[in-house]
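Colleague: Below are the chains, spelled out letter by letter.
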Amino acid sequence: MSLDPIVRVSDLRKVFGLVRVLDGLSLDVHGGEAVALLGANGAGKTTLLKILATLVRPTRGTATIAGHDVARAPESVRPLLGVVAHGAWVYDDLTARENLKFWSTLGGLHADGDDLAAALAGVGLDRVADARVRTFSAGMKRRLSLARVMLARPRVLLLDEPFAGLDQRAKKWLEERLEALKASGAALLMVTHSFGRELGVADRLAVLAGGRIALDTPRGSLGPDDIQRLYAVHAEETL
Amino acid sequence: MVRTLGWLTVAGLLAGLVMAFGVAPREVTQGNVQRIMYVHVPLILASYLAFGVLALASIVYLIRRDAVADRVAHASGEVGVMFVGLGIATGSIWGKPTWGTWWTWDARLTSVAILFVMYLGYLLLRGTIDDPERAARYCAVLGIVAALDIPLVHFSVYWWRTLHQPPSLMKPGGFTGSSAILWPLLVNLLAFVLLYAYFVARRIRLLCAEAEAAA
Amino acid sequence: MSYARRALAVAWKDLAVERRSKETLNALVFFSLLLLFVFQFTLGGDRERLAAVLPGVLWLGFVLSALLALGRTFLVEREHDCWEGLLLAPGDKSAIYLGKLVGNLALMLVVEALVLGLFVVFFDIDLGRAMPGLLAVVLLGTLGLAAVGTLFAAMTANVRARELLFPVLLLPVQVPVLLATVKATEGLLLGEPLGAIAHWVKLLVAADVIYVVVSVLTFDVVLEG
Amino acid sequence: MIADNWTFVAAAYGLTAIVLLGYWRRLAKKERELEALSRRNAERRRAEPSSRPPLDESPLQQHPRP
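Protein chains in written order, with this note's numbering: chain B, 9 to 247; chain E, 7 to 221; chain F, 12 to 236; chain A, 13 to 78.
I should point out that these hints are in silico values taken from the structure, not numbers from a laboratory. Because the structure is a prediction, the values reported are computed rather than measured. Some clues are possibly wrong.
Unchecked claim - What the simulated footprint calls covered on chain E by chain A, stretch by stretch (three residues with Cβ under 8 Å from a Cβ of chain A suffice, anywhere in the stretch; the number is not a length): (1) 45-57; (2) 93-101; (3) 207-218.
Glycine included, each C-beta is placed from N, C-alpha and C at the ideal position.
Sequences and hints are given; from them, build the entire structure.
Modeller: In structure tokens:
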């Protein structure tokens, strides 16, 4: 794990209309580290991800990725980012290979045929590489968007419930991919609702409640039920 | 400051009225109905000023993302649309006795009507977007595109009209530019520019207060 | 030069999606047939009246199909949730604008060729002499419509009542282009030499340059999300 | 010498006056409303300083899923 954090968030506030969704949130994520972000529905998890992904401007406070401020210098942040959000960013009428080619070209990468084939094979989509994405299941679309992200070899990965809707085999496979990315030095921030095996990847757990980080603890040996208890204590107490 | 501007405006408007009805001569061909010019022309020229300020404020906003610049654009757009709308109304009221019809596709009235619809769209866009930051950005872009479009509108409408009917420069029915008409016109123009400035200042103050109340 | 490659990638993607789904194309083809019948019923019989009204009718058909096509520019992004993907693409966003512009131009020109073809066949109009000039005017006019249309489509993509807002914003701004194209077409169909409509063509060129330049400069701001 | 139709002149000036006054009054009215609103907010804020606004995240206005 590298020393100084790649992702630094300090005293972040975001107001929608009259509602203070984020209110003085601070969080750091180091390279090679994965942080699981837990929190009740509407606690602001997705808002935090969107701010870090330079999609939403914070009302106050700062968030930097590799030293670049996400609000003031989004252009220098974006090449470092890999975002796997609810929307899988796939065009149904294009094939998997065409989708990948489009996003890599748009991202300014010079991925040639073999890179694309390797990425597709990496996510186990090589057999359906030339099938229309319209025929894909949610899990397959998720794997395609992960292939897109890995092509760019991001330094920071923002994942919004990556494990949702995946079967056991796909979850195990995704876990290995995320471990590999962590090993390569990328910082991972993963929003999740479940306490089960998904958290295996996480080195730290952060609970978001009341617009702030209510708990930030290394996962260590915590089993699913300990996490459940800790979450219940911190997440509910401030609602 | 705004209060003094207010009184100055009132003085200007009164002076304008005195000039328009007292000093200005009774126009030879049209009779007294020509006095409508002293409110019709200043309204339209002041609205052009408003749309110019709107474009400049939009450019400043895009460069510095300064919320005040956006409010200047917003206020200027609102007052501009009101002025140009009144300009059209007074123009057609003036046209009725002069040409016998409420509306003629005269070059100047047509291009002014197009501006009115274009900047009405600006206000509609501003009203439709809830998030203030996004509304400011989109309206700034529209403000600039609309301003760049004004010369194109003028050329196209004038060429479209001049092929059939001589262009009427300042007002319907030709323009006998004598100094007796010029002075009242200039005084009224100054009065309406002051009025524009006063309304924009009040509106900006209101927008700032609304923003503070929301924060 | 990844700028050009990115623009081409966007254009290619739009045309590929359109070629496969044919959503917009079908809608526009059906729309132009509808237009043809409406004009046939109202004007068909009387040849002089038709000839006099033809430029206006033709461009009305072009503008209405342009509104349909341009209004859907960012529909595929919205429906497939790819809007944020475009936002996060590094580099100058105007590449995306130019890609979308090329895609729109191609689509609109195809439909315009169709509408023109249908008019020539069904109203048996002789375009022979006017053809080269008309081609230039149609190209310039379509570029004018598409340049601002693509920019405004991006602005109204995520806004309530966008189907209403888009035409209300676009049409007033496009009055110069509409006037110029209709008048130029009228001149050409009356057999006037290109010189007679030179000022309209110059206006169209000026408008196109202004629209494309201002759109390229401001597209980054519009696509900021 | 066509007849002097003062009625049209009166109509033009009258309409202009009405609209401009109407706008001025609307501005003044809104300013008064805002004044009252902010005064009430200030009192409410002084009355219970510690209260935290409700946490339900309003639908993200940034990207409403149409």
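Colleague: Each hint should be assessed against the structure and marked as holding or not.
Modeller: Hint check results:
1. Note: the region 45-57 of chain E has 3 residues with beta-carbon separation from chain A under 8 Å; the three-residue rule is met and the coverage holds.
2. Under a criterion of three residues with beta carbons nearer than 8 Å to beta carbons of chain A, the stated coverage of the region 93-101 of chain E is upheld, 4 such residues being counted.
3. A stretch counts as covered by a chain when three or more of its residues have a beta carbon under 8 Å from one of that chain; for the region 207-218 of chain E and chain A the count is 7, and the coverage holds.
Violation of the numbered hints given earlier is absent; every hint is satisfied by the structure.
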